[in-house]
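Q: If you're matching them up, the sequences are chains F and G in order. Following our numbering, the numbering of the first sequence begins with 69 at its first residue and continues without gaps. Following our numbering, the numbering of the second sequence begins with 10 at its first residue and continues without gaps.
Calculated directly from the structure, the hints in this document are not laboratory data. Keep in mind that the hints are not guaranteed to be accurate.
[What the hints assert, rightly or not] Which chain G residues stay away from chain F? Per the calculated CB distances, all over 10 Å, these: (1) 87; (2) 88; (3) 100; (4) 109.
[Stated by the list, open to error] Heads up, simulated SDA-like pairs for lysine to any residue below, C-alpha to C-alpha not over 20 Å straight-line: (5) G/14 to F/356; (6) F/355 to G/10; (7) F/89 to G/72; (8) F/104 to G/58; (9) F/89 to G/96; (10) F/89 to G/111; (11) F/89 to G/122; (12) F/545 to F/493; (13) G/11 to F/106; (14) F/104 to G/10; (15) F/255 to F/506; (16) F/89 to G/138; (17) F/554 to F/256; (18) F/186 to F/74; (19) F/89 to G/115; (20) G/11 to F/357; (21) G/11 to F/96; (22) G/14 to F/133; (23) F/278 to F/173; (24) F/89 to G/75; (25) F/104 to G/66; (26) F/89 to G/103.
[Unchecked claim] Not the full set, but computed from the structure, chain F residues with beta-carbon under 8 Å of chain G: (27) 93; (28) 108; (29) 133.
Idealized CB from N, CA, C, for every residue including glycine.
So the chains spell out like this:
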Amino acid sequence: MSNLLQEIEAQIAGVKTSVTKQNVGAVREIGDGVAKIEGLTDAMLNEMLDFGNGVTGLALNLEETEVGAIILGDYTSVKEGQEVRTTGRLLQVPVGKGLLGRVVNTLGQPVDGKGPVKNETSYPVEKIAPGIIRRRSVSQPVQTGIMAIDAMIPIGRGQRELIIGDRSTGKTTIGIDTIISNARLNKAAEAAGDKEYRPLYSIYVGVGQKQSNIARVINVLEEAGAMPYTIVVVASASDSATNQYLAPFAGCAMGEWFMDNGMDALIIFDDLSKHAVAYRQVSLVLKRPSGREAYPGDVFYLHSRLLERSARLNEKYGNGSLTALPIIETQLGDVSAYIPTNVISITDGQIYLETDLFYQGVRPAISVGLSVSRVGSAAQIKAMKQVAGRIKLDLAQFRELAAFAQFGSDLDAATQAKIERGKRIVEVFKQPQYNPISVEAQAAILWTAQNGYFDDVAVEKIKDCQNKLTEYLTTRKSALMAKLAKEKALSDALTAELKAAVTEFKQTYK
Amino acid sequence: MKITKQARRDAKQLFRSCLVNGLLDENRVRQVVQQVIAQKPRGYLAILSHFQRLVRLDVARRTAGIESAIQLPENLRTGVQTNLARRYGPGLNVSFAQNPDLIGGLRVQVGSDVYDGSIRARLAALAEGF
Ligand SMILES: Nc1ncnc2c1ncn2[C@@H]1O[C@H](COP(=O)(O)OP(=O)(O)OP(=O)(O)O)[C@@H](O)[C@H]1O
Ligand SMILES: [Mg+2]
Numbered sequence: 069m070s071n072l073l074q075e076i077e078a079q080i081a082g083v084k085t086s087v088t089k090q091n092v093g094a095v096r097e098i099g100d101g102v103a104k105i106e107g108l109t110d111a112m113l114n115e116m117l118d119f120g121n122g123v124t125g126l127a128l129n130l131e132e133t134e135v136g137a138i139i140l141g142d143y144t145s146v147k148e149g150q151e152v153r154t155t156g157r158l159l160q161v162p163v164g165k166g167l168l169g170r171v172v173n174t175l176g177q178p179v180d181g182k183g184p185v186k187n188e189t190s191y192p193v194e195k196i197a198p199g200i201i202r203r204r205s206v207s208q209p210v211q212t213g214i215m216a217i218d219a220m221i222p223i224g225r226g227q228r229e230l231i232i233g234d235r236s237t238g239k240t241t242i243g244i245d246t247i248i249s250n251a252r253l254n255k256a257a258e259a260a261g262d263k264e265y266r267p268l269y270s271i272y273v274g275v276g277q278k279q280s281n282i283a284r285v286i287n288v289l290e291e292a293g294a295m296p297y298t299i300v301v302v303a304s305a306s307d308s309a310t311n312q313y314l315a316p317f318a319g320c321a322m323g324e325w326f327m328d329n330g331m332d333a334l335i336i337f338d339d340l341s342k343h344a345v346a347y348r349q350v351s352l353v354l355k356r357p358s359g360r361e362a363y364p365g366d367v368f369y370l371h372s373r374l375l376e377r378s379a380r381l382n383e384k385y386g387n388g389s390l391t392a393l394p395i396i397e398t399q400l401g402d403v404s405a406y407i408p409t410n411v412i413s414i415t416d417g418q419i420y421l422e423t424d425l426f427y428q429g430v431r432p433a434i435s436v437g438l439s440v441s442r443v444g445s446a447a448q449i450k451a452m453k454q455v456a457g458r459i460k461l462d463l464a465q466f467r468e469l470a471a472f473a474q475f476g477s478d479l480d481a482a483t484q485a486k487i488e489r490g491k492r493i494v495e496v497f498k499q500p501q502y503n504p505i506s507v508e509a510q511a512a513i514l515w516t517a518q519n520g521y522f523d524d525v526a527v528e529k530i531k532d533c534q535n536k537l538t539e540y541l542t543t544r545k546s547a548l549m550a551k552l553a554k555e556k557a558l559s560d561a562l563t564a565e566l567k568a569a570v571t572e573f574k575q576t577y578k
Numbered sequence: 010m011k012i013t014k015q016a017r018r019d020a021k022q023l024f025r026s027c028l029v030n031g032l033l034d035e036n037r038v039r040q041v042v043q044q045v046i047a048q049k050p051r052g053y054l055a056i057l058s059h060f061q062r063l064v065r066l067d068v069a070r071r072t073a074g075i076e077s078a079i080q081l082p083e084n085l086r087t088g089v090q091t092n093l094a095r096r097y098g099p100g101l102n103v104s105f106a107q108n109p110d111l112i113g114g115l116r117v118q119v120g121s122d123v124y125d126g127s128i129r130a131r132l133a134a135l136a137e138g139f
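Taking the hints into account, I'd like the entire structure generated from these sequences.
A: Listed below in structure tokens is the structure:
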């Protein structure tokens, strides 16, 4: 239908010879990628402005006598006194499946040298988030493949879960692992011809990152075969602040297309601290008044309107979803700084990564006590709930007891047992990067740990034992694992079967 | 020169006092400038420069520039003038100019609105279409 309308419009435009009204202005001042324009009395907020020669700007400040616009792209060719005209359009980016497997910039232009992007539709980068009527609560899981997260801080489709931590604590890695895990699940479902499985497409938005970091991410995704299900949007540190400020919104528009068309998408904003800095720069050169830490007053609104756009739509509106994993970098673990507190309050929970844990070798360095997921447990599969229900509490207890045990040596047997069990669970949750574990394997391993089958294995051999058990289960007991994956719950019969398999394995394991 | 908020506000107030029935009164503008220079209130230079800007923008808003490739006959001129007056209200300063670069047709600019029906503009649009 919309095609028909466009066609008619184009035909009418073709025969129209009458003169159309244009609104023009003149550049009064230009610098730092910001132009002050006199005239332009009809300009709208966030409208694209045409500076001629293919240079476009975005009207951000509408004042009494002038318009403040940020220039997208190269602003060195813009001269004082130059004519500027309104276009009547909002900033748009291409959206659709044609973008999968591509690396694009903020405007959706390819930067991977693989030719033009094939797309039929465009979406405005700024859009109002879906309202309450269109939404429903989160009920389907996003399998990150990271055992600690899937078991204790489960994420559901449509959720916004913050990944927060100091520099170099493995924040990006968690995002990448999630993309890889879901790409594998998509591929497996495709190969099996599973029509019921809802594939999860990923969008990675790199804001203010070093080019080398982004190149590394793309490399990892390519090697893992995840690129066919992924869009990478880059606005690296060398891009203008304007492009960095707009990149998450552009990525979000691409994700929204999947959601609006009844599909599921995941978006990773890496990271919103740098995004806030870019926005601060844009605001300061636009001479907007600054507030706390020199951020403009609307930096909260900036992030809330971005993250509100991820949602789970109800069946009537196509049942699609957009899950957001924003990343925030803290300074020396200070979560009470301005931007971290803002984003913590907007999201549905956070995964807190700790430097101390990271250097103790607990990787992923997730601090279980400080991490929560406020809505995800509704999306956890039953088997996982059965085995992981008490694990968070156990771990928290273990931490407390372990700290206490440092002072005294004679502990009663029950406490001793708790500490020993805790040590093994910590060990079980350690996981190398780019190595997602399927949810049925996670459930089986956790069941084994919870039921004390690891208690007689030395702590330093736990990882080895766990890997061998996983291998044993996936190769020798693949029927059992398939059943577990299908039923998604540990029935009595399945538990008995699992018990037999684990006992058998333990006999052979030295 | 830094123009403070206060200076901006003062200039705006002075500018408002120069309006008669929504139109700028030239005599009042002259008077205001003379008075301000005579009294030299705090930051008067900043006030005057912002005042000048407001007046300039207002004049631009009320000025219609009509360009044509050739000299327009009298009846066409009055026709355009009455049409513009109908659309933008009275008090419009209309000026006519000749610009052979247009090749043909008219280009009318009122404030920041431009109606470009010249052949040059159509050629440019055509060139962009390719
Ligand atoms: N689970 C893991 N096991 C082993 N090494 C890991 C793990 N997770 C991350 N690392 C390593 O830690 C380093 C930092 O990881 P990453 O780049 O993900 O951190 P970051 O918090 O995103 O860093 P930055 O602050 O630079 O963005 C990398 O060299 C990565 O290889
Ligand atoms: Mg990172």
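Q: None of the hints should be skipped; say for each whether it holds.
A: Checked hints:
1. 87: With a cut-off of 10 Å, residue 87 of chain G remains clear of chain F, as the shortest Cβ separation is near 19 Å.
2. 88: 15 Å, holds
3. 100: 17 Å, holds
4. 109: Given a closest Cβ separation of 19 Å, the condition holds.
5. G/14 to F/356: 13 Å, holds
6. F/355 to G/10: Holds, at roughly 16 Å.
7. F/89 to G/72: The given pair, whose Cα atoms are some 16 Å apart, holds under the 20 Å limit.
8. F/104 to G/58: 17 Å, holds
9. F/89 to G/96: Within the cut-off at roughly 13 Å; holds.
10. F/89 to G/111: 17 Å, holds
11. F/89 to G/122: Since the Cα atoms of residue 89 of chain F and residue 122 of chain G sit roughly 7 Å apart, the hinted pair holds (cutoff 20 Å).
12. F/545 to F/493: It is violated: about 23 Å lies between the C-alpha atoms, which goes past 20 Å.
13. G/11 to F/106: 18 Å, holds
14. F/104 to G/10: The hint holds at about 17 Å.
15. F/255 to F/506: 13 Å, holds
16. F/89 to G/138: 19 Å, holds
17. F/554 to F/256: Satisfied, since the Cα-Cα distance of roughly 14 Å is no more than 20 Å.
18. F/186 to F/74: Within the cut-off at roughly 19 Å; holds.
19. F/89 to G/115: Cα-Cα ~13 Å, so holds.
20. G/11 to F/357: Status holds; Cα separation ~16 Å.
21. G/11 to F/96: 16 Å, holds
22. G/14 to F/133: Measuring from Cα to Cα gives roughly 14 Å; hence the hint holds.
23. F/278 to F/173: 14 Å, holds
24. F/89 to G/75: 14 Å, holds
25. F/104 to G/66: Holds, because 15 Å separates the two Cα atoms, which is no more than 20 Å.
26. F/89 to G/103: Cα-Cα ~18 Å, so holds.
27. 93: 5 Å, holds
28. 108: Holds. Min distance 6 Å.
29. 133: Interface hint status for residue 133 of chain F: holds (6 Å vs cutoff 8 Å).
When each numbered hint is compared with the structure, a violation occurs for hint 12 only.
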